Structure formats: structure tokens, C-alpha cells
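Number of protein chains: 2
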Amino acid sequence: MKTLLIVSHPDILESGSQQYFLSSLKENVAVTLHHLESIYPNGKIDVAKEQALLKQHDRIIFQFPFYWYSSPPLLKHWQDVVLTDGFAYGNRGNALAGKEFGLILMIGIPEREYQAGGSELFSINELTKPFQAMSHKTGMKYLKPLTIYQFAYLEEEQKMDLLIQYWQKLTMEDEVSLKARETWLAAELEQAMEKAAGTQEAEIFQYAKSLIEENRMTIDGLKIVLDQMHQN
Amino acid sequence: MKTLLIVSHPDILESGSQQYFLSSLKENVAVTLHHLESIYPNGKIDVAKEQALLKQHDRIIFQFPFYWYSSPPLLKHWQDVVLTDGFAYGNRGNALAGKEFGLILMIGIPEREYQAGGSELFSINELTKPFQAMSHKTGMKYLKPLTIYQFAYLEEEQKMDLLIQYWQKLTMEDEVSLKARETWLAAELEQAMEKAAGTQEAEIFQYAKSLIEENRMTIDGLKIVLDQMHQN
Numbered sequence: 007m008k009t010l011l012i013v014s015h016p017d018i019l020e021s022g023s024q025q026y027f028l029s030s031l032k033e034n035v036a037v038t039l040h041h042l043e044s045i046y047p048n049g050k051i052d053v054a055k056e057q058a059l060l061k062q063h064d065r066i067i068f069q070f071p072f073y074w075y076s077s078p079p080l081l082k083h084w085q086d087v088v089l090t091d092g093f094a095y096g097n098r099g100n101a102l103a104g105k106e107f108g109l110i111l112m113i114g115i116p117e118r119e120y121q122a123g124g125s126e127l128f129s130i131n132e133l134t135k136p137f138q139a140m141s142h143k144t145g146m147k148y149l150k151p152l153t154i155y156q157f158a159y160l161e162e163e164q165k166m167d168l169l170i171q172y173w174q175k176l177t178m179e180d181e182v183s184l185k186a187r188e189t190w191l192a193a194e195l196e197q198a199m200e201k202a203a204g205t206q207e208a209e210i211f212q213y214a215k216s217l218i219e220e221n222r223m224t225i226d227g228l229k230i231v232l233d234q235m236h237q238n
Numbered sequence: 007m008k009t010l011l012i013v014s015h016p017d018i019l020e021s022g023s024q025q026y027f028l029s030s031l032k033e034n035v036a037v038t039l040h041h042l043e044s045i046y047p048n049g050k051i052d053v054a055k056e057q058a059l060l061k062q063h064d065r066i067i068f069q070f071p072f073y074w075y076s077s078p079p080l081l082k083h084w085q086d087v088v089l090t091d092g093f094a095y096g097n098r099g100n101a102l103a104g105k106e107f108g109l110i111l112m113i114g115i116p117e118r119e120y121q122a123g124g125s126e127l128f129s130i131n132e133l134t135k136p137f138q139a140m141s142h143k144t145g146m147k148y149l150k151p152l153t154i155y156q157f158a159y160l161e162e163e164q165k166m167d168l169l170i171q172y173w174q175k176l177t178m179e180d181e182v183s184l185k186a187r188e189t190w191l192a193a194e195l196e197q198a199m200e201k202a203a204g205t206q207e208a209e210i211f212q213y214a215k216s217l218i219e220e221n222r223m224t225i226d227g228l229k230i231v232l233d234q235m236h237q238n
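One line per chain: the protein sequences are Z and X, in this order.
Residue numbers 7 to 238, in my numbering, belong to the letters of the first sequence in order.
Residue numbers 7 to 238, in my numbering, belong to the letters of the second sequence in order.
Read the hints as simulated data drawn from the structure, not as lab findings.
In this text, all values refer to a predicted model and were calculated from it rather than measured experimentally.
Among these hints, one or two may not hold up.
No distinction is drawn between identical chains; accordingly, a pair holds when it is met within one copy or between any pair of copies.
[Unchecked claim] Dumping the calculated EDC-like pairs for lysine to aspartate or glutamate here, alpha-carbon to alpha-carbon at most 20 Å:
#1 K32 - E220
#2 K135 - E119
#3 K215 - E188
#4 K150 - E117
#5 K105 - E219
#6 K105 - E119
#7 K150 - E132
#8 K150 - D52
#9 K105 - E194
#10 K135 - E220
#11 K135 - E117
#12 K61 - D167
#13 K165 - D52
#14 K8 - E219
#15 K50 - D17
#16 K150 - D167
#17 K50 - E161
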């Protein structure tokens with residue numbers, strides 16, 4: 007699976023949260039990082055190039071700061087000029103059909119404010135309807151969004167936890183079962199081990215991997231016991 | 007009441023619907039027409055000027071084509087730079103509080119598609135949550151939007167009817183009673199009569215006005231009778 011990560015941020019170097027997540031991307035071949043404001047500083051989008059890029063990927067992610075409950079202007083411009091009738095929708099416009107679409111939102115306000123009675127009034131689910139509708143119209147499968155609230159105020163451990171969720175959103179098959187998450191983690195560890203071959207790190211990775219596999223076998227064993235109890 | 011009509015359209019001269027409605031505005035002193043793409047062709051917005059303009063008006067209207075379920079990029083940019091913390095929200099940010107806010111949307115797809123099972127999936131009410139949330143956060147009263155579907159396919163009479171609704175959205179006090187609409191129309195006719203003084207048109211306006219007043223008196227009379235019946 008190949009993921010196109012379309013990032014839109016008018017001032018990305020100043021954003022601690024954007025830098026934190028993007029700096030983890032450098033070596034991954036399965037993710038194409040595509041920061042619109044860097045590529046098109048004058049705002050003139052190369053439509054043919056963008057459409058070709060979309061075709062080459064299976065999962066399309068929009069990552070942006072959620073100012074005024076929507077995307078930055080350049081991403082909206084990108085939508086208006088790239089997702090054309092005949093390409094993304096309409097007669098023979100099925101270039102995106104069957105792909106996956108997801109949002110990664112950086113949000114400056116606490117989660118609890120996103121409800122009736124809160125300062126933001128509506129939930130993220132309500133406020134992102136325009137993107138859900140876009141996903142629907144273009145025939146893409148809408149993934150659960152990753153919402154990152156008040157990143158700067160988080161503890162280091164919470165940030166690390168979000169980084170794992172971030173990686174999963176970008177590269178993990180869209181299944182939520184424990185098994186799927188373990189399979190994903192095992193593959194990630196395998197890759198890390200190859201890179202770290204011969205060093206002490208490799209041994210730690212190997213240990214983590216065997217621990218996960220052991221747990222998996224224990225859980226599978228417990229399931230068999232439970233199934234037998236149900237049958238009796 | 008003074009209305010600030012903020013229009014955003016990347017190619018307004020090519021839009022028949024925009025031209026139809028905007029051409030009717032020329033002589034009205036109660037409406038300030040403010041087309042962002044004409045005023046800021048290079049996209050650099052004069053924040054202080056925009057904030058001063060907002061303060062001078064009682065009703066703020068956004069008028070735009072509803073591409074990809076949202077505003078054109080320049081209007082989003084305007085929101086991001088003009089509606090700042092300390093001006094539109096946050097500590098002492100109450101410059102818009104108590105004003106009215108409304109949307110006028112030009113929509114290229116039939117109304118029936120804006121529901122579950124339709125090509126657009128969600129209602130206009132659902133898709134405009136980001137603007138409702140903006141109105142809420144800035145303390146403005148959200149007006150019912152004026153939605154104009156597939157303008158080019160309408161009959162002349164339907165267009166005229168929409169033009170009246172358009173004028174009401176821009177200049178009529180936000181009351182839906184028959185009385186409010188009649189009062190508004192009487193005032194509009196009065197203005198038209200002054201301009202047309204001495205011509206045959208003036209007589210037609212006068213006749214229309216007297217007819218409305220007569221109807222009003224008949225209705226008021228019926229109400230008194232009804233009230234008395236209730237009391238007995």
C-alpha cells in the first residue's frame with residue numbers, strides 16, 4: 007500500500023507539531039510527503055502532475071491545522087482545480103474510486119470544547135462533513151480521522167503514543183483488531199531490525215518481536231479454551 | 007441596518023448567477039459590496055481595513071459558489087487573517103458580537119442530491135457547520151442561508167422570485183412574519199416611488215403600495231374578529 011500525504015500549512019517551519027510528525031517520515035518509502043505550500047509557493051498548481059500522483063497511491067491523507075473548522079486556502083484551491091469533473095467524479099471520473107481517504111488534524115483547542123455547550127459548538131465529526139462528502143463523491147473509503155489536540159501541551163509519552171497512531175494512519179491496513187495492529191508492529195520491527203543489523207538495538211527489536219509473538223500465542227490459546235467452554 | 011456583502015468568486019465575470027444578483031445592487035446605499043478577488047488580486051489582505059469595515063456593518067453576508075462544500079480559497083484566507091484572536095474571539099475579542107451572519111450559496115447540483123442516498127450525501131445544513139461554528143464563536147446571530155440551486159436552468163419568474171429573496175436576505179430585518187415582509191416591501195416601494203417621481207411608474211408603485219396596505223387592514227380586521235371570538 008502506498009500513501010500520499012498531502013500536507014497544507016501556510017507556515018510549517020513555525021509549527022512544532024507539524025515538524026514533530028514530519029521529521030519521523032524521512033526514510034519511509036511507502037509514504038510520499040507532499041507539502042503544497044513548499045511545492046507551489048506562488049499558488050499555481052500543476053494539475054496534471056497532481057492527478058498523476060493521486061493515481062499512483064492507494065491512500066490519500068490530508069494533514070493540516072484545523073483553522074476556522076476547515077483546510078488552509080491552498081488545499082481548498084488544490085481541491086477546486088485538481089478534483090475535476092471527469093477525473094474525480096462525473097462521467098468516467100473514477101480515478102479515485104476504491105482508494106482510501108483520511109484526515110490528520112492539528113487542533114489548538116481542547117477536545118471537550120467540540121460539542122454543544124462548548125466554545126466550538128459541534129463535534130469534529132460534524133465539522134468535517136465537507137471532507138466526508140468529498141470522499142463519498144469521489145468513491146473513496148473514508149477512514150477515521152486522527153485528531154491531535156493541543157500538541158504543545160502534551161507529555162513526551164503522549165507525544166510518542168500519537169506518533170505511533172500517526173504511523174498507523176499512514177501505513178497500517180485499515181483494520182482495528184489487535185491482530186492487525188500486532189501484524190503491523192511485527193513488520194515495522196522487522197524493517198527496523200534489518201537497518202540495525204549487528205548493533206545492540208537489533209537485539210532489543212528481536213526481543214520485542216518475540217514477546218509480541220509469545221503474547222499472540224497465549225491469546226490464541228486462551229481463545230481455543232474459551233471456544234471449547236462455549237461448546238460444552 | 008447596514009449590510010456588508012463579502013463576495014468570493016475566482017472568476018466572477020464568467021458567472022451568470024453572480025452577475026444577475028450583483029447587477030441589482032448598484033444603487034443601494036444600505037449594502038456594501040465587497041468582492042475579495044477584485045480588491046485583492048494578489049491575495050494580500052489589508053487586515054486593518056477589513057476589520058474596520060466589519061465594525062461599520064450590522065449584518066455580514068458571505069456569498070460564494072459552493073465548490074467542494076466550502077468557500078473559495080481567498081475567503082478562507084480572509085477568515086484566517088481577519089478573524090483574529092482578540093478581535094473576533096478570545097479575550098476582548100468581541101468586535102462581531104451581536105451582529106448577524108448569513109450565507110448566500112450558489113450551488114450547481116439539484117437540491118434533492120443533498121441528502122443520504124443523494125450524490126452529495128449530506129444536507130446544506132450539515133455541510134455548512136463550519137460557518138455556523140464560526141458564527142457561534144464570534145457571537146454573531148446565524149441567519150437562515152439563501153441557497154440558489156442551478157440558477158442557469160431556472161425560468162425567468164423563478165429568477166425574479168430569488169432576486170426578491172436575495173434582497174430580503176441583504177436588507178430585511180430578520181423576522182419572517184407576513185407583517186415584517188409587508189413593511190419591508192412598503193419601504194422598498196417608497197424608495198422606488200421617490201426615484202420615479204412624476205413618471206407613470208410612480209403611479210404603479212403607489213397602486214401596489216395601497217393594495218398591500220388595504221390587505222394589511224383586512225387581515226388586521228379579521229384578527230380582531232378572531233380575538234373576540236376566542237374571548238367569548
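Results for each hint:
1. Within a single copy, K32 and E220 get their C-alpha atoms no closer than 32 Å, and across copies no closer than 77 Å, so neither meets the 20 Å cut-off.
2. In this homomeric assembly, K135 and E119 come within 20 Å of each other (Cα to Cα) both inside a single copy, at 18 Å, and across copies, at 15 Å.
3. For the identical chains of this complex, K215 and E188 are intra-copy neighbours only, at 9 Å inside a copy versus 77 Å across copies, given an alpha-carbon limit of 20 Å.
4. In this assembly of identical chains, the alpha carbons of K150 and E117 lie at most 20 Å apart only when taken from the same copy (16 Å versus 28 Å across copies).
5. Proximity of K105 and E219 under a CA criterion of 20 Å is satisfied in neither setting, with 31 Å inside one chain copy and 62 Å between copies.
6. Neither within a single protomer nor between protomers do K105 and E119 lie at most 20 Å apart by alpha-carbon distance, with minima of 32 Å and 23 Å respectively.
7. Taking CA atoms no more than 20 Å apart as the test, K150 paired with E132 passes in both settings, with 13 Å inside one copy and 18 Å between copies.
8. For the identical chains of this complex, K150 and D52 are neighbours neither inside a copy (29 Å) nor across copies (38 Å), given an alpha-carbon limit of 20 Å.
9. Taking the closest pair of Cα atoms, K105 and E194 never come within 20 Å of each other, the shortest separation being 23 Å inside a single copy and 54 Å across copies.
10. In this homomeric assembly, K135 and E220 never come within 20 Å of each other (Cα to Cα): the closest approach is 42 Å inside a single copy and 48 Å across copies.
11. In the homo-oligomer, the alpha carbons of K135 and E117 lie at most 20 Å apart both inside one protomer (18 Å) and across protomers (17 Å), since each shortest distance falls under that limit.
12. For the homomeric pair K61 and D167, neither the shortest alpha-carbon distance inside one copy (31 Å) nor that between copies (45 Å) is at most 20 Å.
13. Proximity of K165 to D52 under the C-alpha cut-off of 20 Å is found in neither arrangement, the shortest distances being 35 Å within a copy and 38 Å between copies.
14. Taking the closest pair of Cα atoms, K8 and E219 never come within 20 Å of each other, the shortest separation being 26 Å inside a single copy and 70 Å across copies.
15. Proximity of K50 to D17 under the C-alpha cut-off of 20 Å is found in both arrangements, the shortest distances being 18 Å within a copy and 15 Å between copies.
16. Proximity of K150 to D167 under the C-alpha cut-off of 20 Å is restricted to the intra-copy arrangement: shortest distance 17 Å within a copy versus 43 Å between copies.
17. Taking CA atoms no more than 20 Å apart as the test, K50 paired with E161 passes in neither setting, with 39 Å inside one copy and 38 Å between copies.
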